[in-house]
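Please build the complex by placing chains B, C, D, E and F on the supplied structure of chain A, with the hints as guidance.
There are 6 protein chains.
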Amino acid sequence: MGSDMNETERQKIVIKLSGSVFNFNTQSVVLKEYADLFMSLNEKVQLIIITGGGKIARHYIELARALNGDEATLDTLGIDVSRINARLLLTAIGRLGYPQIPKSLDEVSMALEFNKIVVVGGLHPGQSTNATSALISEKIGANTFINATDVSGIYDKDPAVNSDAKMFTELSVGKCMELLGQKNSQAGTYELMDLVALKVIQRSRIRTIVMNSDINSLKDIILKGSNFGTRITF
Amino acid sequence: MGSDMNETERQKIVIKLSGSVFNFNTQSVVLKEYADLFMSLNEKVQLIIITGGGKIARHYIELARALNGDEATLDTLGIDVSRINARLLLTAIGRLGYPQIPKSLDEVSMALEFNKIVVVGGLHPGQSTNATSALISEKIGANTFINATDVSGIYDKDPAVNSDAKMFTELSVGKCMELLGQKNSQAGTYELMDLVALKVIQRSRIRTIVMNSDINSLKDIILKGSNFGTRITF
Amino acid sequence: MGSDMNETERQKIVIKLSGSVFNFNTQSVVLKEYADLFMSLNEKVQLIIITGGGKIARHYIELARALNGDEATLDTLGIDVSRINARLLLTAIGRLGYPQIPKSLDEVSMALEFNKIVVVGGLHPGQSTNATSALISEKIGANTFINATDVSGIYDKDPAVNSDAKMFTELSVGKCMELLGQKNSQAGTYELMDLVALKVIQRSRIRTIVMNSDINSLKDIILKGSNFGTRITF
Amino acid sequence: MGSDMNETERQKIVIKLSGSVFNFNTQSVVLKEYADLFMSLNEKVQLIIITGGGKIARHYIELARALNGDEATLDTLGIDVSRINARLLLTAIGRLGYPQIPKSLDEVSMALEFNKIVVVGGLHPGQSTNATSALISEKIGANTFINATDVSGIYDKDPAVNSDAKMFTELSVGKCMELLGQKNSQAGTYELMDLVALKVIQRSRIRTIVMNSDINSLKDIILKGSNFGTRITF
Amino acid sequence: MGSDMNETERQKIVIKLSGSVFNFNTQSVVLKEYADLFMSLNEKVQLIIITGGGKIARHYIELARALNGDEATLDTLGIDVSRINARLLLTAIGRLGYPQIPKSLDEVSMALEFNKIVVVGGLHPGQSTNATSALISEKIGANTFINATDVSGIYDKDPAVNSDAKMFTELSVGKCMELLGQKNSQAGTYELMDLVALKVIQRSRIRTIVMNSDINSLKDIILKGSNFGTRITF
Amino acid sequence: MGSDMNETERQKIVIKLSGSVFNFNTQSVVLKEYADLFMSLNEKVQLIIITGGGKIARHYIELARALNGDEATLDTLGIDVSRINARLLLTAIGRLGYPQIPKSLDEVSMALEFNKIVVVGGLHPGQSTNATSALISEKIGANTFINATDVSGIYDKDPAVNSDAKMFTELSVGKCMELLGQKNSQAGTYELMDLVALKVIQRSRIRTIVMNSDINSLKDIILKGSNFGTRITF
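Chain order of the listed sequences is A, B, C, D, E and F.
Under the working numbering, the letters of the first sequence match residues 47 to 280, in that order.
Under the working numbering, the letters of the second sequence match residues 47 to 280, in that order.
Under the working numbering, the letters of the third sequence match residues 47 to 280, in that order.
Under the working numbering, the letters of the fourth sequence match residues 47 to 280, in that order.
Under the working numbering, the letters of the fifth sequence match residues 47 to 280, in that order.
Under the working numbering, the letters of the sixth sequence match residues 47 to 280, in that order.
Looking at chain A on its own, in the form it has when it is part of the complex (with noise of 0.2 Å):
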């Protein structure tokens, strides 16, 4: 499994990747363009993305709520789209990518040993993907955690209808919290960061970015260092 020197060399970078890039007319080239991306890096950094559900999660998940179904089982649903998202980004990936798709943080633990790009999608119902990401960074013990998501970064309102809402370009997770307090919880619901990825982030003082997961972005961002998104401060 090669020296472990290596091992520690090499960084540990957690993606959050929307779910807004696997949709109902998302285009093979654009999923190559993530997958190019992220097999040019591997020799160099140990990547682990997370998928997101998108628009065929909430598919799913607005029509089980509408037969009564459960929460939990509406996150089931949004935990199986988000999976298959997965497979669908591993497929693109091909053999640089671990084989399987981990369905908890021992099977992610496992998939590290292989030096391969590691795909997950959501792991247990009552958890958002962002808390999972949060959850994935800080039991492996991530250098970054990106999370690539709709909008830009944070902003002071919601920019999608409020021209003058600001982006912060640091914010503190305390402050984060403050804003996303009143937000609520259903399954599927428009969340940036959850109260628990927040937590997590916060308990293991993770170094994380909130930012846009257009490719040009991510490639600027991970290839340059370039500065995007709002950071969040301890």
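These aren't lab readings, by the way, just hints derived from the structure by calculation.
In this text, all values refer to a predicted model and were calculated from it rather than measured experimentally.
Chain copies aren't distinguished; within one or between two, either way the pair holds.
DSSO-like, lysine-lysine: derived pairs with alpha carbons at most 30 Å apart:
no.	residue 1	residue 2
1	221	270
2	101	78
3	58	90
For chains B, C, D, E and F alone, kept in the frame of chain A given last:
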């Protein structure tokens, strides 16, 4: 559980429910109607429903194929979606349903011990949900296997392109194989009844009906004993 | 599996039993008393008991923290001990208990099919046993969730240090979140009701009581319907 | 896990080893010879060996059929015996073999990560070991699939009953299907290459050779590149 | 399930059925007779049958030993064959049997919840099927453990070589240990009752009978309460 | 992974580490010392450490016995605690340890593929951790099995009660069995080396040393090759 007398009395009906029932624009009320039909039957009949993958499955399969995924991975994506569809239907059925989605023939056997409606998706790569349904029918000794599909039955030509296509009310399993012999077996491809399914039906002489999956036809055939679709003969 | 009528009639009560019941100096007679209470209820009530980890869990967690274990490992040690506590209680319950300790929400659902007392420990790292109990309550549609803890209810200040602390008989879930917002979330830390638990209780409006875990209070509230502790309102 | 360069260089050969190699009167020296051949190849070739069930499988299948077992149970008995044969061969291979018998395509993929000889039995009821071998070949992108069977290749008639039967050195997959179309599919029945196997070979254009399983022929074809048996063409 | 009253009333009998019942030349009618006997008892008695491996197990074990397999692998081969024998007997029992072969003590406990005949093979390497049977007897609180073996009971000398060997009708467990103390424990070796089995019988004072496995003796002892074989005393 | 040459060169040492190392008052620095010793050996030696249950195991076992738990449940509680101890030691070892606690011999074999320190607790009810350690030694072909226990070696009498007890520096396995023959086998009872362990050691002639588990003795014997404790001879 209950008494064994009870068990031997209840007929066992396996229904393969077309993936087209589960779609991007599926309405929850439609799923509720299917669920209500199945729930109304549970007292008298042991139902095993196998859900197909439908268009969402094909969406993922096409993306994976464009990304050079192997056929087994394509099959797996289809199975994963079919299991999500199964869970969605199970949600509509609620407490009358067996609470898990079985993932192997063995788990289907176990599920039958609970006298509840069993909902299953695909089982293994390399096996269509039709073949899976036939194998389940064989394994549990089903009294009838209803293949509820997108057309009204088996035609002498493809009814979608030939306006003069004629539907058979009865068709021998041998004739059926001949008609379908030329189809190819790429994952997710349209196939009324693939050859594995037909061979299983043949070797265990399973009473099989190919018919339309619309709710009214299903109600009529199950509740009123109407004649529908194509009956396969031996 | 009894009749479905029976199933719908039996109330479902989820009891989180404080880890303090299971301790270095716990007497078997005390466990027997809890077991006897639960066994006496089994005819009328579907009970799901979630056992905490208690001091033995904290013993392991502190050692692991001193050894630089990551938080997920610390959580796992706590879960492992809580499951041993669950097995011990199950031993006292004997044949009226479901013979396994479920390890996921799905397994809890399965366990309910057997009409026996279900005993569970923690489920996943990153989830307190309180949060787990709330998620189980939600998943199974519990009629009541009793959080049997080390204090008599929720106070305006910490009763251990403030002699003038006042217990609420009722407290809105929002107020509850405010009171507990400032607590941190290190594994094994004292927390009456963490935020995940409260969010779950809120989103599914679960009838919740926080009370002391002593056997007499439990008997009174369950057998006589006495009022105890703090009721969470919406 | 070695370098990726290494992985991409090593050819992948899938060998279906006839169940007739494992028999009531099989000598350990014969198994040792096969093991030695496979071990000598491990440096240059990634080998995946699928072992058939043979006469011991048929012994159990016949008893089970006489006891009215369903076909899936019969298949399962055959799979169980083929896995015991796999473990026996693995024992002969020793530390150069992957230490477990994979039970699904996913487990086969994982096993390949270890650069050892992978030995597999059957995988699922309703799937012959030939079909399983073809599916494995497809899943892992095998360079060659050798079906080492009881006859020297594919004949125009059954060579056991027709002294004038002629072996094909090449045969198109379509022709092959025609020849085998009439065979039935009872569990354990003699079948050179069943239709599922052929369809898989066809859809993924897998280079396939049907030949005799005797150790000398295998040595010649693998070590010397001799021509043997029947090559399937597209 | 059913009523608990029912459960406590039914006697639990564990029968270790000699592997010699399952052999190269076993007739299906013989298996049917055993199955019929067990099925006729199911109303009144909870039966757990543990099947031995017999000559087919020894065939594989000898081959593996000649190939330098470690003892644990040899044990595993024996267990695998004993489980195939279990599945074969289960096939003969049909719907009155629990549909799976339990693979651990925990699974045996679960199986008992279904009020069906439970058929088990070996469980773990390093544990003979005799020891397994004793452990199962202990775990479930069996009323009687019948060790149906190849000889009529326990003799003072090996009856196969000593024509004057005398069978005990009763034998203390201590005496029994002395008699068997000198036997070695190579996998698959002939052993009436190994030391682990005897220690378990002793510590839990399990009522144990060692007798011949022929169908008529079994019928007489179970149906008529005849005295047979050797009863172990404490 | 790595080269096979490497694998065959590394000695394999199995150490059963007494449960007394893990206790109510265990200090993390002590565990760190053990971990440091094991980590310093990893380059040259393949270590497999089996941790006992110790006093916390006995605490649970005694409570369960007082609650009329069956012996298998008592064993399971002991195994559960031994696995928590294993995880704690693994935490101290960190990234040089195999990241999971194997739960069967098969999983131990898999774990060895990773060239890391493998930490294991108990495996199955009915098997002491001593017997488990011997079986693991046998399965993997260990060069040495060190039973690091609470006394300095095997004595002719119990040294705790007899001041004139004499320790053997060498003892034949047969003699060893005689000495230990009279001990009983209740779960958690004090036993230097139980009979199953001894039989396994005997049948596979495993080089075995019984010695004190204190860190200095272990260092001396492993690092300096000092003579300690009792060597078992054949």
